[in-house]
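Residues per chain are reported as follows:
Number of protein chains: 2
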Amino acid sequence: MASEEFLKQSKLPSDYEDKKQKMCQFVTRNADKKCVLVTSGGTTVPLESRTIRYIDNFSVGTRGSASAEYFLAQGYAVLFLYRHRSLEPFSRHLSKINVLDIIKSSHNTLSVSEDWTSRISAILEKYNQVKSGGTLLQIEFTTVGEYIHLLKTAADAMRPLGPRAMLYLAAAVSDFYIPTDEMPEHKIQSGNGPLQISLQLVPKMLKPLVKEWIPQAFVISFKLETDPSLLLKKAKEALEKYSHQVVIGNILETRKELVWVVTATESSPFQIRLTPEEADSGVEIEKYITEYLAKMHETFITRADSVK
Amino acid sequence: MASEEFLKQSKLPSDYEDKKQKMCQFVTRNADKKCVLVTSGGTTVPLESRTIRYIDNFSVGTRGSASAEYFLAQGYAVLFLYRHRSLEPFSRHLSKINVLDIIKSSHNTLSVSEDWTSRISAILEKYNQVKSGGTLLQIEFTTVGEYIHLLKTAADAMRPLGPRAMLYLAAAVSDFYIPTDEMPEHKIQSGNGPLQISLQLVPKMLKPLVKEWIPQAFVISFKLETDPSLLLKKAKEALEKYSHQVVIGNILETRKELVWVVTATESSPFQIRLTPEEADSGVEIEKYITEYLAKMHETFITRADSVK
Numbered sequence: 005m006a007s008e009e010f011l012k013q014s015k016l017p018s019d020y021e022d023k024k025q026k027m028c029q030f031v032t033r034n035a036d037k038k039c040v041l042v043t044s045g046g047t048t049v050p051l052e053s054r055t056i057r058y059i060d061n062f063s064v065g066t067r068g069s070a071s072a073e074y075f076l077a078q079g080y081a082v083l084f085l086y087r088h089r090s091l092e093p094f095s096r097h098l099s100k101i102n103v104l105d106i107i108k109s110s111h112n113t114l115s116v117s118e119d120w121t122s123r124i125s126a127i128l129e130k131y132n133q134v135k136s137g138g139t140l141l142q143i144e145f146t147t148v149g150e151y152i153h154l155l156k157t158a159a160d161a162m163r164p165l166g167p168r169a170m171l172y173l174a175a176a177v178s179d180f181y182i183p184t185d186e187m188p189e190h191k192i193q194s195g196n197g198p199l200q201i202s203l204q205l206v207p208k209m210l211k212p213l214v215k216e217w218i219p220q221a222f223v224i225s226f227k228l229e230t231d232p233s234l235l236l237k238k239a240k241e242a243l244e245k246y247s248h249q250v251v252i253g254n255i256l257e258t259r260k261e262l263v264w265v266v267t268a269t270e271s272s273p274f275q276i277r278l279t280p281e282e283a284d285s286g287v288e289i290e291k292y293i294t295e296y297l298a299k300m301h302e303t304f305i306t307r308a309d310s311v312k
Numbered sequence: 005m006a007s008e009e010f011l012k013q014s015k016l017p018s019d020y021e022d023k024k025q026k027m028c029q030f031v032t033r034n035a036d037k038k039c040v041l042v043t044s045g046g047t048t049v050p051l052e053s054r055t056i057r058y059i060d061n062f063s064v065g066t067r068g069s070a071s072a073e074y075f076l077a078q079g080y081a082v083l084f085l086y087r088h089r090s091l092e093p094f095s096r097h098l099s100k101i102n103v104l105d106i107i108k109s110s111h112n113t114l115s116v117s118e119d120w121t122s123r124i125s126a127i128l129e130k131y132n133q134v135k136s137g138g139t140l141l142q143i144e145f146t147t148v149g150e151y152i153h154l155l156k157t158a159a160d161a162m163r164p165l166g167p168r169a170m171l172y173l174a175a176a177v178s179d180f181y182i183p184t185d186e187m188p189e190h191k192i193q194s195g196n197g198p199l200q201i202s203l204q205l206v207p208k209m210l211k212p213l214v215k216e217w218i219p220q221a222f223v224i225s226f227k228l229e230t231d232p233s234l235l236l237k238k239a240k241e242a243l244e245k246y247s248h249q250v251v252i253g254n255i256l257e258t259r260k261e262l263v264w265v266v267t268a269t270e271s272s273p274f275q276i277r278l279t280p281e282e283a284d285s286g287v288e289i290e291k292y293i294t295e296y297l298a299k300m301h302e303t304f305i306t307r308a309d310s311v312k
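Protein sequences, first through last, are from chains G and P. Heads up, the first sequence is in the numbering used here, so the first residue is 5 and it goes up one at a time. Heads up, the second sequence is in the numbering used here, so the first residue is 5 and it goes up one at a time.
Hint data in this document are derived by calculation from the structure and do not stem from the laboratory. Because the structure is a prediction, the values reported are computed rather than measured. Among the hints, erroneous ones may be present.
It does not matter which identical chain is meant; a pair holds if it fits inside one copy or across any two.
Straight-line distance between alpha carbons at most 25 Å, and here's what the computed SDA-like set of lysine to any residue pairs gives [stated by the list, open to error]:
{"no.": "1", "residue 1": "K260", "residue 2": "H88"}
{"no.": "2", "residue 1": "K191", "residue 2": "Q142"}
{"no.": "3", "residue 1": "K15", "residue 2": "D185"}
{"no.": "4", "residue 1": "K237", "residue 2": "P198"}
{"no.": "5", "residue 1": "K130", "residue 2": "K291"}
{"no.": "6", "residue 1": "K130", "residue 2": "A35"}
{"no.": "7", "residue 1": "K215", "residue 2": "D179"}
{"no.": "8", "residue 1": "K130", "residue 2": "D119"}
{"no.": "9", "residue 1": "K100", "residue 2": "E129"}
{"no.": "10", "residue 1": "K237", "residue 2": "I56"}
Looking at chain G on its own, in the form it has when it is part of the complex (with noise of 0.2 Å):
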């Protein structure tokens, strides 16, 4: 109700139809694959209706983009719901250079420069592996209610996977939010002096997507804390409350290295941990994530078919 109530009074993304015409005819061109759903980056919320000002969260898409990667390294098609101009796959490992700064001109060719040869030559070629192969399918979204749209847009289309379908909610996506008619329409003015800001609070969308739009698909939500003794026994709770699969649990400082899977019928959650030496070579922990979920899933799969 609340979820539905919320999802008529926030505007349509731009292009929708678009969206989820692409979104369709990705879950049909993959029919023979199994198809993930990565959402990643975070979500904003204006404070007026001609958008200055917003509260926004410090997520660039990492964990989100380098789990897509992995993935779809796995052979799942991947749907990747991300945040505008947050990290994308493969272009995410040029996210930090200046491109002007390696590519040199000779004799009216523009080439890259040696040093980065063969780093760029090696994610080039899965970049164009999955491109001619169309496993990935990159859908943009900015404000907390053009995610949400476009979550239930990606669940209706993967419905028809049953449980071959898997979400992985890695998007930061804001609790709080201000109703369209609570909202200035101008630039809010400093000479009124101090602010009063309220926000309300944003449905919880796990409870309709589990429940009503995508019933069948193995679900994964994230808890990011900074306080780690509230960890765990918030994701227990969300996994009783919206009766889903997996809680990724993460703390903000630690959250590269260190992550636990917590679930339903497993009283102690799994760790996954980086060595140092894992992590000072380079090693991603989302290499470990999407393998492990990837083995919980095929045994989800396997119930759900005998099941039938």
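Starting from the structure of chain G, add chain P where the hints point.
Relative to the frame of chain G, chain P by itself:
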């Protein structure tokens, strides 16, 4: 007073001493040129001290990064103070493409595909010229506190230049912030229901900037509004209040084709507007803004010298 208090309670940026030293060396090295500080992009306002959420604004640094390029073309040394991950001069032209889409691999070398060669060559040539000339220094900020610290540091470094220093304050600086002692340490929990945020006014730094930090410089501030009826009135008020030289006024929807140059001395503002043909052919309004300001700056220097 308020500004000193604000600076005292906001954390210094990381690598502050290094950034300060770079700015001083840059100004010294370019002592034979006119020098402009271009600030660009939006500032964040953290809502928690271990920051997950923050208030941001929509700026991605289009105005600032384009203006920096055009000031360089006019012989200025440019100190570019910009928001982390916002657009940068030169590389901004590649910000909308995925580099992996335009690189081809053959015979163990990677080259830029032919359709892109001439366009990127033109950018690369200008970029390398600026790089070897040492006329551009880029310094990053994220929060409003970091921005104001670095703005003061840049002003201090440029003060010896007297009237040959220009400050082009295009960054979209937050008007509001949460003082450190009112900020929760940990992530705000959604379980506690709707959220009230109380924000204090950020002190207007233009006042100490013009009066104390760099009193002889040529200073341009920006006013962005969504309501045209407020714009010119507010621009004039700012000039009276802060006694600087120029306000560039612009409206959110038309800011790429139309701006007003407002000064204390002229009763009606000078309008800079792209023709539809110019806009279609890719002419950028920043070219005209910077040319107009460079001329005003020339007059400003001549007058200042004649007073001596």
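Hints, verified against the model:
no. : hint           : in the structure
1   : K260 with H88  : both (22 Å within a copy, 21 Å between copies)
2   : K191 with Q142 : neither (32 Å within a copy, 30 Å between copies)
3   : K15 with D185  : within (12 Å within a copy, 37 Å between copies)
4   : K237 with P198 : between (37 Å within a copy, 22 Å between copies)
5   : K130 with K291 : within (15 Å within a copy, 41 Å between copies)
6   : K130 with A35  : within (22 Å within a copy, 49 Å between copies)
7   : K215 with D179 : within (20 Å within a copy, 43 Å between copies)
8   : K130 with D119 : both (19 Å within a copy, 23 Å between copies)
9   : K100 with E129 : both (20 Å within a copy, 21 Å between copies)
10  : K237 with I56  : between (37 Å within a copy, 20 Å between copies)
Violated hints amount to a single one, hint 2; each of the other numbered hints is respected by the structure.
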